[in-house]
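Undergrad: Each chain is listed here by its residues.
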Amino acid sequence: MNAESKLADLTGQVTHAALAKGAASAELTAVSHDARTSRDATRSHDAATSHNATTSHDEAGTRHAFVPAFDVERIRADFPILSQRVHGKPLVYLDSAASAQKPRAVIDAMVHAMETQYANVHRGLHWMSERTSDDYEAVRDKVAGLLNAPSREEVVFTGSSTGAINLVAHSYGRGVLKPGQAVLVSEMEHHANIIPWQMLRDTHGIELRVAPITDAGELDMAAFERCLQDGRVGLVAITHMSNVLGTYNPIERIAALTHAAGAQLMVDGSQAVVHRRVDVQALGADFYAFTGHKLYGPTGIGVLWARRALLEQMPPFMGGGDMISSVSFEHSTWAPPPTKFEAGTPAILEVIGLGAAIDYVQGIGFDAIAAHEAALTEHALARLSAIDGLHIAGRAQDRGGVVSFTLDGAHAHDIATLLDRNGIAVRAGQHCAEPLMRRLGLSSTARASFGIYTTQGEIDMLADTLVRIRGFFQ
Amino acid sequence: MSAAQTAAPNFDDVRDLYQDTILDRSRNPRHMHRLDPFDACARGENPLCGDQVEVRVSFAPDATVADAAYEARGCAISMASADLMADVVRGRDAASIRALAAAFEQLARTGDSASEDAALQVLRPLSGVSEYRSRVKCATLPWSALVAALDGRNEVASHD
Numbered sequence: 001m002n003a004e005s006k007l008a009d010l011t012g013q014v015t016h017a018a019l020a021k022g023a024a025s026a027e028l029t030a031v032s033h034d035a036r037t038s039r040d041a042t043r044s045h046d047a048a049t050s051h052n053a054t055t056s057h058d059e060a061g062t063r064h065a066f067v068p069a070f071d072v073e074r075i076r077a078d079f080p081i082l083s084q085r086v087h088g089k090p091l092v093y094l095d096s097a098a099s100a101q102k103p104r105a106v107i108d109a110m111v112h113a114m115e116t117q118y119a120n121v122h123r124g125l126h127w128m129s130e131r132t133s134d135d136y137e138a139v140r141d142k143v144a145g146l147l148n149a150p151s152r153e154e155v156v157f158t159g160s161s162t163g164a165i166n167l168v169a170h171s172y173g174r175g176v177l178k179p180g181q182a183v184l185v186s187e188m189e190h191h192a193n194i195i196p197w198q199m200l201r202d203t204h205g206i207e208l209r210v211a212p213i214t215d216a217g218e219l220d221m222a223a224f225e226r227c228l229q230d231g232r233v234g235l236v237a238i239t240h241m242s243n244v245l246g247t248y249n250p251i252e253r254i255a256a257l258t259h260a261a262g263a264q265l266m267v268d269g270s271q272a273v274v275h276r277r278v279d280v281q282a283l284g285a286d287f288y289a290f291t292g293h294k295l296y297g298p299t300g301i302g303v304l305w306a307r308r309a310l311l312e313q314m315p316p317f318m319g320g321g322d323m324i325s326s327v328s329f330e331h332s333t334w335a336p337p338p339t340k341f342e343a344g345t346p347a348i349l350e351v352i353g354l355g356a357a358i359d360y361v362q363g364i365g366f367d368a369i370a371a372h373e374a375a376l377t378e379h380a381l382a383r384l385s386a387i388d389g390l391h392i393a394g395r396a397q398d399r400g401g402v403v404s405f406t407l408d409g410a411h412a413h414d415i416a417t418l419l420d421r422n423g424i425a426v427r428a429g430q431h432c433a434e435p436l437m438r439r440l441g442l443s444s445t446a447r448a449s450f451g452i453y454t455t456q457g458e459i460d461m462l463a464d465t466l467v468r469i470r471g472f473f474q
Numbered sequence: 475m476s477a478a479q480t481a482a483p484n485f486d487d488v489r490d491l492y493q494d495t496i497l498d499r500s501r502n503p504r505h506m507h508r509l510d511p512f513d514a515c516a517r518g519e520n521p522l523c524g525d526q527v528e529v530r531v532s533f534a535p536d537a538t539v540a541d542a543a544y545e546a547r548g549c550a551i552s553m554a555s556a557d558l559m560a561d562v563v564r565g566r567d568a569a570s571i572r573a574l575a576a577a578f579e580q581l582a583r584t585g586d587s588a589s590e591d592a593a594l595q596v597l598r599p600l601s602g603v604s605e606y607r608s609r610v611k612c613a614t615l616p617w618s619a620l621v622a623a624l625d626g627r628n629e630v631a632s633h634d
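Chains as they are written, first to last, in this note's numbering: chain A, 1 to 474; chain R, 475 to 634.
No wet-lab data here; the hints were simulated from the structure. Be aware that a few hints might be false.
From the structure, some residues in chain R lie toward chain A, with a derived Cβ separation under 10 Å [as the list claims (entries may be wrong)]: (1) ASP487; (2) TYR492; (3) ARG501; (4) ILE551; (5) MET553; (6) VAL562; (7) VAL596.
Covered by chain A, per the in silico footprint, the following chain R stretches (three or more residues, Cβ under 8 Å) [to be verified]: (8) 533-541; (9) 625-631.
C-beta: ideal position from N, C-alpha, C; glycine also.
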């Protein structure tokens with residue numbers, strides 16, 4: 001306790017210093033400071049505790065620029081599950097791109113809400129409902145801060161990234177796009193950013209156009225430009241970071257080309273939002289979708305950010321309670337965005353958990369996270385490519401902490417089973433990106449993906465075990 | 475370094491799954507080729523993992539299987555299963571194959587089967603998949619494709 005309170009004091013001082021400097025880190029601190037003051041001070045003891053912890057990580061993050069050390073052990077201590085053993089071995093969790101583990105702060109925030117103040121939101125006139133509504137709405141501010149959105153009213157809560165993309169496909173797709181217009185996706189999309197457009201094509205007469213990738217696993221920019229040339233593309237829907245190749249797409253450039261062609265840009269940020277700071281204004285996106293569970297938050301909560309003018313143009317997707325202004329059997333009118341798109345009781349606890357997750361990662365700081373993961377990725381690429389017979393899928397210049405690979409003589413499923421028996425969790429298969437796998441000429445790959453809690457030692461263990469697996473199947 | 479400080483990788487405990495027969499059959503398959511001419515054919519696919527197998531059979535005048543072969547792209551378990559399957563279905567008629575397929579599925583799911591069919595002894599090295607829930611479908615996919623071929627269906631997809 002003593003050490004903790006000393007730490008809190010120390011971090012408090014440094015935070016003031018950082019604020020005084022007016023550096024980028026101070027901006028982050030200011031965001032979390034706002035979030036903190038918006039909470040009822042008498043109920044925020046848990047939040048304050050976790051806030052102290054995250055502020056101290058923030059300092060680790062801001063110091064990162066000067067001292068290239070990232071205190072991964074301290075972060076690991078925040079994740080209770082990482083002390084679990086699997087098949088008698090320490091858990092080596094290299095499947096964060098499928099779903100990330102949850103820090104204590106997220107778990108506690110959800111439990112605390114259920115134990116002390118839970119009620120439905122936007123309905124009750126009683127204390128519990130008002131408190132819960134405040135906390136729920138405070139997360140909208142946090143999301144706006146995370147994405148640097150111009151307005152909190154542009155943040156729509158959905159069930160997942162898939163839910164967000166389907167909202168765009170149904171509402172913008174049917175309400176604004178006209179039959180004969182095209183939706184342009186890339187060859188590296190997750191099924192969640194293919195199927196909704198295919199369904200729109202089949203019911204609404206939209207053309208589904210596909211921009212190819214290069215053999216290196218990058219978007220073919222010349223071909224992308226050609227796809228826009230006839231002026232029929234109304235919407236470009238593209239991933240910010242590939243869940244298979246790790247490739248980061250050059251969204252700023254894509255946005256400029258998209259807008260020059262008179263189209264809007266929807267970015268699937270499911271993977272990207274976890275690894276680097278996202279600024280939707282700097283990117284030039286019109287829609288940005290992400291999910292909570294990959295960002296160390298709970299499942300069942302996703303976000304669609306969209307420019308206000310677009311949200312106002314779009315008809316509701318689902319009808320029900322909360323999304324209306326007035327209702328009669330003859331006629332109803334809609335609430336303004338974002339409420340217009342949030343019919344029914346929302347995922348209250350999950351939203352609160354997402355808020356805690358955002359506080360947590362912002363406390364560490366995206367500069368520190370990006371630097372840590374870039375070092376991990378570089379280490380993984382070096383270690384894995386040194387293994388005889390191992391082939392890494394994609395070699396994009398700009399890539400994040402996802403490495404897919406094949407190993408001669410060993411199928412991805414067999415690799416995954418043998419890794420699992422050694423406590424190492426990876427994903428194997430087609431990664432919900434069947435068209436991409438076909439383009440790469442692969443039936444399946446094993447995929448290791450990294451998060452803030454991943455260590456170089458874990459990557460070494462993966463590499464060493466893969467060498468043994470190759471031997472096992474030879 | 476906490477997670478990294480651990481014993482060297484050890485594969486002894488996966489030998490129940492990867493028995494010698496399975497490793498041998500997946501490395502040196504006996505029946506992996508394109509059978510032509512053939513009388514029945516079906517493709518099996520697992521859309522989640524991308525495994526594919528195409529099974530072809532030819533029939534003798536008495537309607538028993540004269541020859542069975544397959545082409546496949548898959549893991550060691552699915553390849554070995556397809557290869558052992560081609561071994562045991564020769565000389566059997568469709569009803570007998572369907573019964574054996576059902577008995578094998580039980581073996582793969584539970585580790586044992588109530589059937590007294592002698593062919594199950596040949597297939598028993600695959601019973602280890604019952605301890606690996608996510609791998610059961612790998613073993614049963616070739617059998618699903620074979621039954622589909624006998625039913626006159628050309629394709630079958632395994633989802634779980």
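Undergrad: Compare the structure with each hint and give your call.
TA: Hints and how they fare:
Because the closest C-beta pair between ASP487/R and chain A is about 6 Å apart, less than 10 Å, the hint holds. For TYR492/R, the shortest C-beta to C-beta distance to chain A is roughly 7 Å, which falls under 10 Å, so the interface hint holds. Taken as an interface hint, ARG501/R checks out: its beta carbon lies about 8 Å from the nearest beta carbon of chain A, inside 10 Å. Checking ILE551/R against chain A: minimum C-beta separation of about 7 Å stays under 10 Å; hint holds.
Proximity of MET553/R to chain A holds as hinted, the smallest CB-CB distance being about 8 Å (cut-off 10 Å). Checking VAL562/R against chain A by beta carbon gives a least distance of about 23 Å; that is not within 10 Å, so the hint is violated. At a threshold of 10 Å, the smallest CB-CB gap from VAL596/R to chain A is about 22 Å, leaving the interface hint violated. Only when three residues or more bring their CB closer than 8 Å to a CB of chain A does the claim for the region 533-541 of chain R stand; here the count is 0, and the claim is violated.
By the rule of at least three residues with a Cβ nearer than 8 Å to a Cβ of chain A, the coverage given for the region 625-631 of chain R is violated, with 0 such residues.
Consistency with the previously given hints fails for numbers 6, 7, 8, 9, ordered from lowest to highest.
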